[in-house]
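Using the sequences provided together with the hints, build the complete structure.
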Amino acid sequence: MSGHERYEEKVTRLTRAQWDEDTIEHVKGCEECRESAAVAQFMSRVAENTSRAPLPDPQILWLKAQLLGNAIRQQEEVVRKTSHLQWAIWASVGLLWAGIVSWKWDTITALMVDFSLQGFLLSSVAGESAISIPFVIVLTALMGITAMMAVHAIFAEE
Amino acid sequence: MAPNDAVLAGSTLPGIARAVDRPAMLTEAEFDRLYRSLARPLLRYLTRTTGDTTLAEDLLQKTFIRVLKTTLPSMDERQMKNYLYRIATNLVTDHWRANRKERFLPLFSRNEDAAEQGDADLQADVRKVFRTLKQQERSLLWLAYVEGCRHDEIAEILGVGENSVKVLLFRARKKLGALLREQGLAEAMS
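Those sequence lines, one after another, are chains A and B.
Each position in the first sequence, counted from 1, maps to that position plus 1 in my numbering.
The numbers in my numbering rise by one with no breaks, and the one at position 11 of the second sequence is 2.
Some hints could be false.
Claimed, not checked - Restricting the straight-line Cα-Cα distance to at most 25 Å, the calculated cross-link-like pairs of lysine to any residue (SDA-like) are:
(1) B/Lys60 x A/Arg46
(2) B/Lys53 x A/Pro59
(3) A/Lys65 x B/Thr123
(4) B/Lys166 x B/Thr123
(5) B/Lys165 x A/Arg46
(6) B/Lys119 x A/Cys34
(7) B/Lys119 x A/Arg53
(8) B/Lys53 x A/Gln60
(9) B/Lys119 x A/Ala41
(10) A/Lys29 x B/Glu173
(11) B/Lys157 x A/Cys34
(12) B/Lys60 x A/Trp63
(13) B/Lys60 x A/Glu78
(14) B/Lys157 x B/Arg77
(15) B/Lys125 x A/Arg46
Stated by the list, open to error - Not close to chain B: a few residues of chain A, all C-beta gaps over 10 Å, as computed:
(16) His27
(17) Ile73
(18) Gln87
(19) Trp98
(20) Ala111
(21) Leu112
(22) Ser117
(23) Gln119
(24) Ala142
(25) Val152
Keep in mind the hints are simulated off the structure, nothing from the lab.
For glycine and all other residues, C-beta sits at the position ideal for the given N, C-alpha and C.
Right under this line is the structure:
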């Protein structure tokens, strides 16, 4: 008995076993079941003949993942350091503001109440002003740094 | 016994990496086993849902790389498979979101057809009809009819409710049934 003859009956029986007479009769008269059967048959066709191209090498994927992991860790380290630096700068600027305000509080309040650029320049040149031009330059620079940091923080949030 | 050997022991499906008994990252050996058992079916799923073999291979690699970068919670083989399919599905969705115009596949995808030259006309028609479905419909039908997933598993993979799966699957089947009749393929499939 050749190979295929030996299995022919078994294969036929197994195939028929999936479709007994009762089911066949039901499907003939039931539109829903006919549709289900057609869809199931269709999907098995869809699943046929998908590409048999060789899969990417798992070892290469493993190495890729390791390299990516290292890159991410390095990136996280840089972000962590940058974040620390940012906090340090904020703290320094805050301390500087606190120092300046407490040191020159009387003068600052006087300036806020009655300030004219002409009067300030004249008294500074004559050496009568309570705050010097270098102090004003430092104050302006500090205001600039504060504004820049605020803008940076806003854009970083976005 | 190596730390992850315990989780490999007791695996009922040969080849599938493990059922992790605690949060851990895959070792190279575990990854190798997982990849060898699931990469091929996952690639088939991605190829059919994207309609592009190059994109499917790219997403397959991204899926496994994402798994390798993740500390996995405790899960059995089935959950591991569903987890992989969920990542892959999310990557496909992200791809469509980034390239909205491609949401509906072109009826003729050269990339896919080139890999299957010599197929019968019927096979070409089958692929053409499948491409007219939406991505979610393709995923639903594939998972239900080809992978044989249960409704709760499909819900987990697609990130929708189990009841929604029943409704969506019913609609997808109806739509495909109508398309088959329209294209004269219904008889060929019965």
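Hints, verified against the model:
Taking the CA atoms of B/Lys60 and A/Arg46, the gap is near 36 Å; set against the 25 Å cutoff, the hint is violated. With a C-alpha separation of about 12 Å, the suggested pair B/Lys53 and A/Pro59 falls inside the 25 Å cut-off, and the hint holds. With a C-alpha separation of about 35 Å, the suggested pair A/Lys65 and B/Thr123 falls outside the 25 Å cut-off, and the hint is violated. For the hint pairing B/Lys166 with B/Thr123, the CA-to-CA distance comes to about 10 Å; that is within 25 Å, so the pair holds.
As the CA atoms of B/Lys165 and A/Arg46 are separated by approximately 18 Å, the hinted pair is consistent with the 25 Å bound. Between B/Lys119 and A/Cys34 the alpha-carbon distance is near 24 Å, which keeps this suggested pair within the 25 Å criterion. A C-alpha spacing of about 20 Å is found between B/Lys119 and A/Arg53, which places the hinted pair at or below 25 Å, so the restraint holds. Simply put, B/Lys53 and A/Gln60 have alpha-carbon atoms about 14 Å apart, close enough for the 25 Å limit, and the pair holds.
Simply put, B/Lys119 and A/Ala41 have alpha-carbon atoms about 17 Å apart, close enough for the 25 Å limit, and the pair holds. A distance of roughly 20 Å separates the Cα atoms of A/Lys29 and B/Glu173; the hinted pair therefore holds under the 25 Å criterion. At roughly 16 Å between alpha-carbon atoms, B/Lys157 and A/Cys34 fall within 25 Å of each other, so this suggested pair holds. Of the pairs offered as hints, the one joining B/Lys60 and A/Trp63 holds, with about 10 Å between alpha carbons and a cut-off of 25 Å not exceeded.
Distance hint between B/Lys60 and A/Glu78 is fulfilled; the C-alpha atoms sit about 17 Å from each other, no more than 25 Å. As the CA atoms of B/Lys157 and B/Arg77 are separated by approximately 18 Å, the hinted pair is consistent with the 25 Å bound. With a CA separation close to 18 Å, the supplied pair B/Lys125 and A/Arg46 stays within the 25 Å bound. The claim that A/His27 lies off the interface holds: its Cβ sits roughly 14 Å from the closest Cβ of chain B, which is beyond the 10 Å cut-off.
Non-interface call for A/Ile73 relative to chain B: violated, since the shortest CB-CB distance, roughly 8 Å, does not exceed 10 Å. At roughly 27 Å from the closest C-beta of chain B, the C-beta of A/Gln87 stays outside 10 Å, upholding its exclusion from the interface. Remark: the non-interface label on A/Trp98 is consistent with the geometry, its nearest Cβ contact in chain B lying 43 Å away (cut-off 10 Å). At roughly 60 Å, the least C-beta separation between A/Ala111 and chain B is larger than 10 Å, which holds for a residue marked as non-interface.
The Cβ of A/Leu112 sits about 56 Å from the closest Cβ of chain B, beyond the 10 Å cut-off, so the non-interface label holds. With a minimum CB-CB distance of about 59 Å to chain B, A/Ser117 clears the 10 Å threshold, and the non-interface call stands. With a minimum CB-CB distance of about 61 Å to chain B, A/Gln119 clears the 10 Å threshold, and the non-interface call stands. With a least CB separation of 45 Å from chain B, A/Ala142 remains clear of the 10 Å interface cut-off, as annotated.
At roughly 30 Å, the least C-beta separation between A/Val152 and chain B is larger than 10 Å, which holds for a residue marked as non-interface.
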